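As given, the protein sequences belong to chains W and C, one line each in that order. Under my numbering, the residues of the first sequence are numbered -18 to 245, in order. Under my numbering, the residues of the second sequence are numbered 3 to 364, in order.
The set of hints was computed from the structure by calculation and includes no laboratory data. Please read all numbers here as calculations on a predicted model, not as lab measurements. C-beta: ideal position from N, C-alpha, C; glycine also. Be aware that one or more of the hints could be misleading.
[What the hints assert, rightly or not] Computed far set for chain W versus chain C, every beta-carbon distance over 10 Å:
#	residue
1	Met(-18)
2	Ala3
3	Val8
4	Thr60
5	Phe104
6	Thr106
7	Leu136
8	Pro157
9	Gly190
10	Ala227
[Claimed, not checked] Computed cross-link-like contacts, BS3-like style, restricted to lysine-lysine with a CA-CA straight-line distance of at most 27 Å:
#	chain 1	residue 1	chain 2	residue 2
11	C	Lys189	C	Lys356
12	W	Lys59	C	Lys20
13	C	Lys189	C	Lys163
14	C	Lys356	W	Lys59
15	C	Lys356	C	Lys264
16	C	Lys264	C	Lys189
[Claimed, not checked] What follows is a list of derived Cβ distance ranges for each label pair:
#	chain 1	residue 1	chain 2	residue 2	range
17	W	Leu62	C	Asp128	43 to 53 Å
18	C	Asp205	W	Asp63	37 to 47 Å
19	W	Leu62	C	Leu82	54 to 64 Å
20	W	Arg57	C	Phe24	22 to 32 Å
21	C	Glu141	W	Asp63	36 to 46 Å
22	W	Val38	C	Ala136	41 to 51 Å
23	W	Glu161	C	Gly317	37 to 47 Å
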Amino acid sequence: MRYLLIALTLTYLAAVLGPMVAIVLKVDPKTVRVAHSLELVRMALVLTLKTSLIVTVLTVVLCLPIAICLARLEFRGKTALDMLVDVPIALPPLVLGVGLLLLWGRRGMVGQYLDAMGIQISFTTLAVCVAQFVVASPYFVRIAQSGLQAVPRELEDVARSLGARPLRVWATVTLPMAREAILAATITCWARAVSEFGATLMFAGNFPGRSQTMPLAIYVTMQFNIEDAVLMSAIMLVFALAGFAAAQHLLRRYGRPRALAGAI
Amino acid sequence: MPNQPTDRDGLFLDVSKKLRDFTLAVALEVRPGECLALVGPTGCGKTTLLRVAVGTARPDAGRVVMAGQVWFDSHRGIDLSPERRHTGYLPQEYGLFPHLTVAENVAYGARARGVGRAQARALAYDLAERLGIAELAHERPARLSGGQRQRVALARALASKPQVLLLDEPLAALDMQTRASVRIFLKSLVEELGLPTVVVTHDPVDALTLGTRIAVMRDGQLVQVGTREEILDAPRDPFVADFLGLNLFYGQATVLPDGLTKIAVGSVGLFSADRATGETAAVVLPTDVTLSREPVAGSALNVLRGHIEGLTYLGPTVRVAVRCQELLLAAEVTFHSAEAMGLRPGESVYAIFKATSLRCLT
Chain W
-18 MRYLLIALTL
-8 TYLAAVLGPM
2 VAIVLKVDPK
12 TVRVAHSLEL
22 VRMALVLTLK
32 TSLIVTVLTV
42 VLCLPIAICL
52 ARLEFRGKTA
62 LDMLVDVPIA
72 LPPLVLGVGL
82 LLLWGRRGMV
92 GQYLDAMGIQ
102 ISFTTLAVCV
112 AQFVVASPYF
122 VRIAQSGLQA
132 VPRELEDVAR
142 SLGARPLRVW
152 ATVTLPMARE
162 AILAATITCW
172 ARAVSEFGAT
182 LMFAGNFPGR
192 SQTMPLAIYV
202 TMQFNIEDAV
212 LMSAIMLVFA
222 LAGFAAAQHL
232 LRRYGRPRAL
242 AGAI
Chain C
3 MPNQPTDRDG
13 LFLDVSKKLR
23 DFTLAVALEV
33 RPGECLALVG
43 PTGCGKTTLL
53 RVAVGTARPD
63 AGRVVMAGQV
73 WFDSHRGIDL
83 SPERRHTGYL
93 PQEYGLFPHL
103 TVAENVAYGA
113 RARGVGRAQA
123 RALAYDLAER
133 LGIAELAHER
143 PARLSGGQRQ
153 RVALARALAS
163 KPQVLLLDEP
173 LAALDMQTRA
183 SVRIFLKSLV
193 EELGLPTVVV
203 THDPVDALTL
213 GTRIAVMRDG
223 QLVQVGTREE
233 ILDAPRDPFV
243 ADFLGLNLFY
253 GQATVLPDGL
263 TKIAVGSVGL
273 FSADRATGET
283 AAVVLPTDVT
293 LSREPVAGSA
303 LNVLRGHIEG
313 LTYLGPTVRV
323 AVRCQELLLA
333 AEVTFHSAEA
343 MGLRPGESVY
353 AIFKATSLRC
363 LT
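This is chain W alone, in the form it adopts within the complex (with noise of 0.2 Å):
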């Protein structure tokens, strides 16, 4: 039986991290200085970076009380609510791309009355955000939500016995309380932003400096350079795993409910 599950958990791990160790391997010294796209590749990731940091910041200001709505009100419609939210996370995001494009595109629902005004949002840097945290914020909004509703009643029950307005119980008991959900979060969805892919296509479409990002340019430079696209693909396994240890960083570091300084 163990060596049974010693010999599935190795398969999985072959089966999952095999791919990126192919990119390792695969990645040619050599071709390094010759790339010619190395400047795409810098626009590229800079793009990512920017647009995907962006995004997260947005999601946690415009998501969270959304998350604390749903965690802890109850509303006729709620459950309709709850599940609506889900839905983005189960459809490809490239038919997000889509309705996207039908609601703001040059000639969209709303987008042909911005583009009378002169306002054009498809296939800018803006549609890249768009799309991102059309993708991504689910996934932020679901993770809040089961830890703050996680945070028992009682405790915000005695808090307001005790003195506390609505408000600081949230500051000092619920959010600290939440934190490391809320933190799980927030790591989630910028990781979910830098790979998106579908949507940004469809909706942003693929102009270096201004829209490609690093998945787009991957996949654009796959379809002539090979070794560039390894290389950049090594590159986005670096960036990725630099994420995620100053997320594992900050976890550690701040995923130990405490109360918002001052509050006590």
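Using the hints provided, position chain C relative to the given structure of chain W.
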């Protein structure tokens, strides 16, 4: 509209609230210095009633008045938010904030009400000192024992100068060993504070120990309210009798050299594993009393010879009243055993129970 003054200085509740299976409808008053033990089976609405007083559950109709100040009045549309009522509320398991230290927990109320940090700290240390938890000030709740947690929760509640104490199952989270000593501590603290106090419990022994008055609740209604003697001597209906159907004795307790307590009830000597001295009330559950034709030489220390005064059939069990000199003891045995032993009124039997089953109400 200003609050109408009333002549009441305690907590007064007259509320109704529709719950899932029944309607909570309770009117009661708790005066200063009084400890009302609210006892009833799990799910009878006790906790909801406490939360109504705290202000975190909203009644459908009625009034909640504390010392003349109206906290809730459905007719006049008054509903004071929990932070504006001064309640000392201990939920089940005490509700300590796990992410804060003991000192921060105790200081929470003062900080929330705008007291400066240094002053709140000083107040917290004073209370921690008073409740004997000062050396735990920098610990987190997860590292405390059940009894220590209760003290922290009490200190935290007292730090915000409550007008009323509302304790939800304060002893349920404790193991049997610490339970008795914590019960004694809690009782003396409640007496010393002199605040109107409501203690919710599902345990009849806790209710009889802590309560100066006892309210028996079932399905959202108060079945009977009265002193310990009133309720035990004259239970209003079979539910109360069954729920609180304990053997209660009054006697003179002395601690024996081996640590056991001997309670002299008239000419009968009873043994208890609880420590007590002087005038003591002690209880034993009828289900803990076994009957035998012979004086069985087992581990049970209390073996009393008596004769059967009567039998009450309760379905699968039979309640047997046994007269042992001036003691009248109720034993609950199965119908099957009663038949097999051929128990009849007037016959002599031995009533047997362990010293650990005889609990002292101190």
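Consistency of the hints with the structure:
Under the 10 Å C-beta cut-off, the non-interface status given to W:Met(-18) relative to chain C holds; the minimum distance is some 35 Å. Non-interface status of W:Ala3 relative to chain C is upheld: no Cβ of that chain comes within 10 Å, the nearest being about 44 Å off. With a minimum CB-CB distance of about 45 Å to chain C, W:Val8 clears the 10 Å threshold, and the non-interface call stands. Every CB of chain C is more than 10 Å from the CB of W:Thr60 (nearest about 18 Å), matching its label as outside the interface.
For W:Phe104, the condition that its CB be more than 10 Å from all CB atoms of chain C holds, with the nearest at approximately 47 Å. With a closest Cβ-Cβ approach of about 40 Å to chain C, W:Thr106 is found to remain outside the 10 Å limit, as its non-interface label requires. The Cβ of W:Leu136 sits about 5 Å from the closest Cβ of chain C, inside the 10 Å cut-off, so the non-interface label is violated. The non-interface label for W:Pro157 is inconsistent with chain C: the shortest C-beta to C-beta separation is roughly 5 Å, within 10 Å.
At the 10 Å boundary, the C-beta of W:Gly190 stays outside the reach of chain C, the nearest C-beta of that chain being 45 Å off. No Cβ of chain C comes within 10 Å of the Cβ of W:Ala227; the nearest lies about 23 Å off, and the non-interface call holds. The hinted pair formed by C:Lys189 and C:Lys356 meets the criterion: a straight-line CA distance of about 26 Å does not exceed 27 Å. Our distance criterion of 27 Å between C-alpha atoms is met by W:Lys59 and C:Lys20, whose separation comes to about 23 Å.
Among the hinted pairs, C:Lys189 with C:Lys163 is consistent with the structure: their alpha-carbon atoms are about 19 Å apart, no more than 27 Å. Between C:Lys356 and W:Lys59, the direct Cα distance comes to roughly 56 Å. Violation of the 27 Å bound is thereby established for this hinted pair. Among the hinted pairs, C:Lys356 with C:Lys264 is consistent with the structure: their alpha-carbon atoms are about 13 Å apart, no more than 27 Å. Restraint check: the Cα-Cα separation between C:Lys264 and C:Lys189 comes to about 22 Å, which is no more than 27 Å; the hinted pair holds.
Range check, W:Leu62 to C:Asp128: Cβ separation about 48 Å, and the 43 to 53 Å hint holds. One distance hint, 37 to 47 Å for the beta-carbon pair C:Asp205 and W:Asp63, holds here, with the actual separation near 39 Å. A hinted range of 54 to 64 Å is violated for the C-beta pair W:Leu62 and C:Leu82, which are about 32 Å apart. A hinted range of 22 to 32 Å holds for the C-beta pair W:Arg57 and C:Phe24, which are about 25 Å apart.
Taking 36 to 46 Å as the suggested C-beta distance range, the pair C:Glu141 and W:Asp63 conforms, at roughly 39 Å. As the Cβ distance of W:Val38 to C:Ala136 is approximately 44 Å, the hint placing it in 41 to 51 Å holds. Restraint check, W:Glu161 to C:Gly317: a C-beta distance of roughly 52 Å breaks the suggested window 37 to 47 Å.
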